[in-house]
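**Student:** Next come the chains, spelled out residue by residue.
Number of protein chains: 6
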Amino acid sequence: MFIHQNRLQYHARPSKPDPLYARKLQELIGGQWGEMSVMLGYLFQGWNCRGPAKYRDMILDIGTEEIGHVEMLATMVARLLESSPVEAQEDAAKDSIVGAVLGGSRVEDVILAGMNPQHAIVNGGGAAPSDSNGNPWSSRYIVSSGNLLADFRFNVTAESQGRLQATRLYALTEDHGVRDLLSFLIARDTMHQNQWLAAIQELEADGLESTPCPSSFPQERELGQVAYQFMNFSEGTESAQGRWARGRAPDGRADLEYVADPKPMGEAPELGQVDPRLHGTPAKPVPAST
Amino acid sequence: MFIHQNRLQYHARPSKPDPLYARKLQELIGGQWGEMSVMLGYLFQGWNCRGPAKYRDMILDIGTEEIGHVEMLATMVARLLESSPVEAQEDAAKDSIVGAVLGGSRVEDVILAGMNPQHAIVNGGGAAPSDSNGNPWSSRYIVSSGNLLADFRFNVTAESQGRLQATRLYALTEDHGVRDLLSFLIARDTMHQNQWLAAIQELEADGLESTPCPSSFPQERELGQVAYQFMNFSEGTESAQGRWARGRAPDGRADLEYVADPKPMGEAPELGQVDPRLHGTPAKPVPAST
Amino acid sequence: MFIHQNRLQYHARPSKPDPLYARKLQELIGGQWGEMSVMLGYLFQGWNCRGPAKYRDMILDIGTEEIGHVEMLATMVARLLESSPVEAQEDAAKDSIVGAVLGGSRVEDVILAGMNPQHAIVNGGGAAPSDSNGNPWSSRYIVSSGNLLADFRFNVTAESQGRLQATRLYALTEDHGVRDLLSFLIARDTMHQNQWLAAIQELEADGLESTPCPSSFPQERELGQVAYQFMNFSEGTESAQGRWARGRAPDGRADLEYVADPKPMGEAPELGQVDPRLHGTPAKPVPAST
Amino acid sequence: MFIHQNRLQYHARPSKPDPLYARKLQELIGGQWGEMSVMLGYLFQGWNCRGPAKYRDMILDIGTEEIGHVEMLATMVARLLESSPVEAQEDAAKDSIVGAVLGGSRVEDVILAGMNPQHAIVNGGGAAPSDSNGNPWSSRYIVSSGNLLADFRFNVTAESQGRLQATRLYALTEDHGVRDLLSFLIARDTMHQNQWLAAIQELEADGLESTPCPSSFPQERELGQVAYQFMNFSEGTESAQGRWARGRAPDGRADLEYVADPKPMGEAPELGQVDPRLHGTPAKPVPAST
Amino acid sequence: MFIHQNRLQYHARPSKPDPLYARKLQELIGGQWGEMSVMLGYLFQGWNCRGPAKYRDMILDIGTEEIGHVEMLATMVARLLESSPVEAQEDAAKDSIVGAVLGGSRVEDVILAGMNPQHAIVNGGGAAPSDSNGNPWSSRYIVSSGNLLADFRFNVTAESQGRLQATRLYALTEDHGVRDLLSFLIARDTMHQNQWLAAIQELEADGLESTPCPSSFPQERELGQVAYQFMNFSEGTESAQGRWARGRAPDGRADLEYVADPKPMGEAPELGQVDPRLHGTPAKPVPAST
Amino acid sequence: MFIHQNRLQYHARPSKPDPLYARKLQELIGGQWGEMSVMLGYLFQGWNCRGPAKYRDMILDIGTEEIGHVEMLATMVARLLESSPVEAQEDAAKDSIVGAVLGGSRVEDVILAGMNPQHAIVNGGGAAPSDSNGNPWSSRYIVSSGNLLADFRFNVTAESQGRLQATRLYALTEDHGVRDLLSFLIARDTMHQNQWLAAIQELEADGLESTPCPSSFPQERELGQVAYQFMNFSEGTESAQGRWARGRAPDGRADLEYVADPKPMGEAPELGQVDPRLHGTPAKPVPAST
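If you read the sequences in order, they're chains A, B, C, D, E and F.
According to this note's numbering, the first sequence is numbered sequentially starting from 82.
According to this note's numbering, the second sequence is numbered sequentially starting from 82.
According to this note's numbering, the third sequence is numbered sequentially starting from 82.
According to this note's numbering, the fourth sequence is numbered sequentially starting from 82.
According to this note's numbering, the fifth sequence is numbered sequentially starting from 82.
According to this note's numbering, the sixth sequence is numbered sequentially starting from 82.
Just so you know, these hints were derived from the structure itself, not from any lab.
One or more hints might be untrue.
Copies of the same chain look alike in the list, so a pair counts if it works inside one copy or between any two.
Stated by the list, open to error - With a Cα cut of at most 30 Å, we get these calculated DSS-like pairs of lysine-lysine:
| id | residue 1 | residue 2 |
| --- | --- | --- |
| 1 | 365 | 97 |
| 2 | 365 | 344 |
| 3 | 344 | 97 |
Full structure from sequences and hints, please.
**Tutor:** In structure tokens form, the structure reads like this:
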């Protein structure tokens, strides 16, 4: 069960409205790596967790925090949209050069061209559960697999892609209020990258999971001869120079081997026929079925 | 530019047809973590790579290999479907008990209930670019961010989720031919987990990336006071017991701190008004706009 | 900002596992009208609300409650899945008749045919953010328009469709634990239908919104002559018998009129030509462009 | 069966082309609340209707009308696109200031920036079945539940959101032809809101449906103690001030009650384990499965 | 503008209910190649048509007919669902062997396993605008390009894939009523394949379009040297044996040439760097940006 | 199995960066008719092919070539994005008029308005697997039906729509490098249209498929009386003037007939009732179910 507190986790007030930037900031709300994804991803992982209680509690701690992150970003977007196109047009009219060049309905068009039109038409000046191109958020952006190592690796990724996007959005604005919120979110992403990396260490220390994931599958059932081979499928051998092509494998279970010219181990496939009533094209003409 | 070789990378021939299993196996082709995802994810990452040549070449090596993995799985699915519902019905009729109980059109219904109906109606006995529920593959399953650490972390995840699903599918069949192919794919996933983990080590050794990702963002710009705090947003303090709540952070830059009762740092938000011509509900009644 | 309490809002424990029912129950989690939709719809409406504080607070009350509803349903689904296909097969083997008829790997197939295969392969026995056919939840299931009357009408709909689906799911099981949870959810849907209907009354009492919605658009700008006409576009005149075809309109602003044989008021459209470099087919042959 | 008449239901001719506005107007064609949604939603509701004939006939009347609304909007969009980017560029060149500043290929870029690029590249100057951001229309925008009250409530919503968007689009243009068509559509939305509200009255008068919907579910099966309680899950008690927190419930069956500090009624959930062959992370280490 | 006639274009009454077949038949309503696709594809092509009037009128003739095809299929599906799972269970109970083996809630599970669960939960016994796996119809299934040859080729495809699926569905039932409707739809698909092939002939006879499409692009602007070469990118030379590898090209403008061993004409790509504030991984370490 | 060659099939270097054009060019990568669609469509058709070897080999030849087309376009997009918004702003500042008018952060906004914001935020200056509006590529853009005639007709369409879009994109740029690549792609589309048309001739010459497709369905099972009738469902008789309304049908099996006033052959549908526990609205009031 959840309780809402009225105050925000951090400040979310821009210095001034900016509908063009509001569109871009949507990526952090409803994009593939936006806060909706970490919020819902972590909540489902927590609710489905069958591992030790400390993991479940930790996952729900951060999942609950992320609801508040969506709240701050939605508040920020709503405030960035408080300057309507109409007011912007009036401001522009006061600036004679811009007014001369962009006059008439032109300035509104330029702003609306850069705006997400749905911010006006659909959301009436509010945040949308969508990305910076107006694509809807999809639950296929998240995962809850029941295997904590597999999922914590996803979570490290999400915090990395998310922090990367936040730093890009930091460079795309000079608004102090927006940068203030981003500096908070970027810091939390720093913590959360560390947190999930630490959680992976803990899983290994607890003897619950290790590489290769899932570690509970008996490795003698996999085809051992290709389990540590790097195969060079792209012309050129620059790839022979990396750590992935030599030395002990990171899982510590074998040495890596470089295969410069990989060969097919299978046959050229030739498919058989199926029921003629499916009317597929057969290998040679057949009489009509009934 | 690419060249196709006629032979498969490994064998892809089931012991006998099994349209019910064909549906399940689709998860490895067109699911969120299927081979289409790693194939297309790695190819786009390689084509977009601006880092050193050894990385680009390595990424394209594995991306090219994955095209051949989709090929093997598509071949396997096409062969699992070579027993049509009609033939299955005739086989069932020969078995008197099943025939008595499930007779008439019933056996076909049971098989079609478990089948993906689109395998018959849409694909005519061939593999579909879809998952085990018939959902289409979407390019939102992949990422190519331009930051290799962020993307390699995604790739470790993809190989973990993919190997996890392959081991589950291994448990759901006893067909020797299917298990033979899965033992190959699981082994390659072992290699590829190791490969991406090694590539992360290489990025760090080359001084190109480190935690927190992206490492090129000046960390003094983030809000330092919350960058290493674990916040306890879910009742109960089991989460205080983990590695994530104490000691040196995995990035080695600070100590982790446990905040048992996090407080809001922001204000209760109150939004202003927008252009009345958007006809949103205002804080108090206003005259009609024009 | 949000806080999670460890205890559930209500009980969520089935009498026994039932993976077939788990699939169906997913409709209430990630379906078009599932709890994810009301949770996220209300949260966004609350965060975007520019109306009086009582509305914003009320919307966030219910939005926060709904997070806990998703939590209960996810818990229920995870428990319904605790009987794995493998155990079910062993149970079946003990029952000689079923064993004889469905023996071998058949029973697993029947269960998996009815299961969502992704519950095993993707979620490893946990709930998915998807509907009963495995389709992902999409943020296009919700709306936050900035106009409270338009959105409260949506919310009445959501609670009606949601309660309808819950009563259907009630009929599809006899499990006491599942029915217990459904009796709670159905009761809350009763309250929430009443709540949104009351909120619509409040909006009207406060003079903020009325029919036709949005009430702030000056009605003299619409084409008055067709604003209260029922038009009979389908052969037969049964539609003349309803309340919609006669008497005072519900908005109280005019009388309704029945138009038995509506006539086109516009012309037959004929489109002009566009830039030949778009290579559309023109009304008559033209020389090639460059 | 359907028949097409050549003349449009109303005029659909803009005063002049405007590709930037054409993009915005797409929201009314293929958006979540566009005319495709009401057209197809009503048609499916009508085709599936098992209620009295007058309802079925009425639903198909309006569903058929809506096909013609899509037709008018598609015609309008095609005409708004008759000025190609190339012609616009030539017009701009004649205006010396604009020509100086925006010259070269710049003006085309500005127009194309505001345009939906697919209007040129994909549709060649025609309307698309998409929204104002180019997202495809999805049949998940509609519902046909078999319960007329649940669906009529959806229809009231659709006419409210649709009319709201049309009034916003009215404010975003000064083109007389466009406004003429919008004044027609807005008027029809006025009628259709009234129509569905009247239809709800008729359902209740006929004794077919009432609140809570569905009324045919025996209310003694729901958990009565929470069926009329307003629960305050968000800090602050502004929500105590509304109609939803006191007095007779709109369904007339009980009094509403305000619960200021709702308590969890369920337990803290703890999940059991599942088949180890799903390789989920268990509560404590287990030996590898086979 | 459109008018609805009460009678169906053809009969749509099954001999008996069959909820399992209802699921499959959905492919013809809301699948990629279902009747919704041809209905909406042709309507948009007609509304956007800038070619001679005979084409526009012809396209709208068939588009209007297709609305009635969706209507018949929706009616058929609603009738196939008139046997509820509950009634089916009672029927099964009368058959002692089935009753013994499948007794209890088992038969309902088998039927619901094969059913689309949303037919019960979401649509309450009505047709859905979805395919046979419950995926929503998407407007990306259709096209309206402004070029009639490109679109008529799509239409020939749609009528081919649609007829193919209808013949497969014909083989999957023995119900006389269902087969009667399918025999009508298959015949209309025969006509419509012929119709679009004839329309392509007409376009060519009118001098409006020809191969290569679009014919209005000056062919001297394409790279002539590769415009008629068949390139052998897959090992093996079976492809040299086909009509596509020799003789006059179907467009009659050149001879086809077989290139057995195609060579890359471009260089190995090496990308430059982008703004460091995007925090992509560069070719060598750089100092942190600000 | 596949091998990657380092050199591109053709040149892919623009004369200068152009982030606005990069967005548009995405249509050819990840749009409905982009190169991802032909690449993956042909690969799946080839892998599923049960027809003679020459067809399978030919299909895989072209499918493999198309991987290299995506590679060239991705390279081109990455290079078009090498001018960051920041550099563009500095360039603009040097031009005093633009600087004066668009100064401050305005020029960045104009460029970002026209850019796909995800090119910066998500992809960091790389190509995305999306279309020109940022919609993800979906596997529902392709088909693999098992019937080669049905699929080759789709392929002719794909090459027509693709070539059409490429010629439109040719008109939207004057960059010599971009036009050079487009001239190559347009030429290959010319070849591929010819190739698939030739393949259709070959199928017919081999006696494998003919019109109506699928030709293996016994035509006496379709309702002969409507199989060659053109039905005039749209007012006006312009459609009587075309080839589709008279003369021998293109399949050579019957004469076409024009039906000026088509009549319904079916009855007015009236649906029966379903299980009351689905709580649909019935034809008359019923007591509550349990």
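**Student:** Does each hint hold? Answer for all of them.
**Tutor:** Okay, the hints, checked on the actual structure:
{"no.": "1", "hint": "365 with 97", "in the structure": "between (72 Å within a copy, 24 Å between copies)"}
{"no.": "2", "hint": "365 with 344", "in the structure": "neither (32 Å within a copy, 34 Å between copies)"}
{"no.": "3", "hint": "344 with 97", "in the structure": "between (62 Å within a copy, 27 Å between copies)"}
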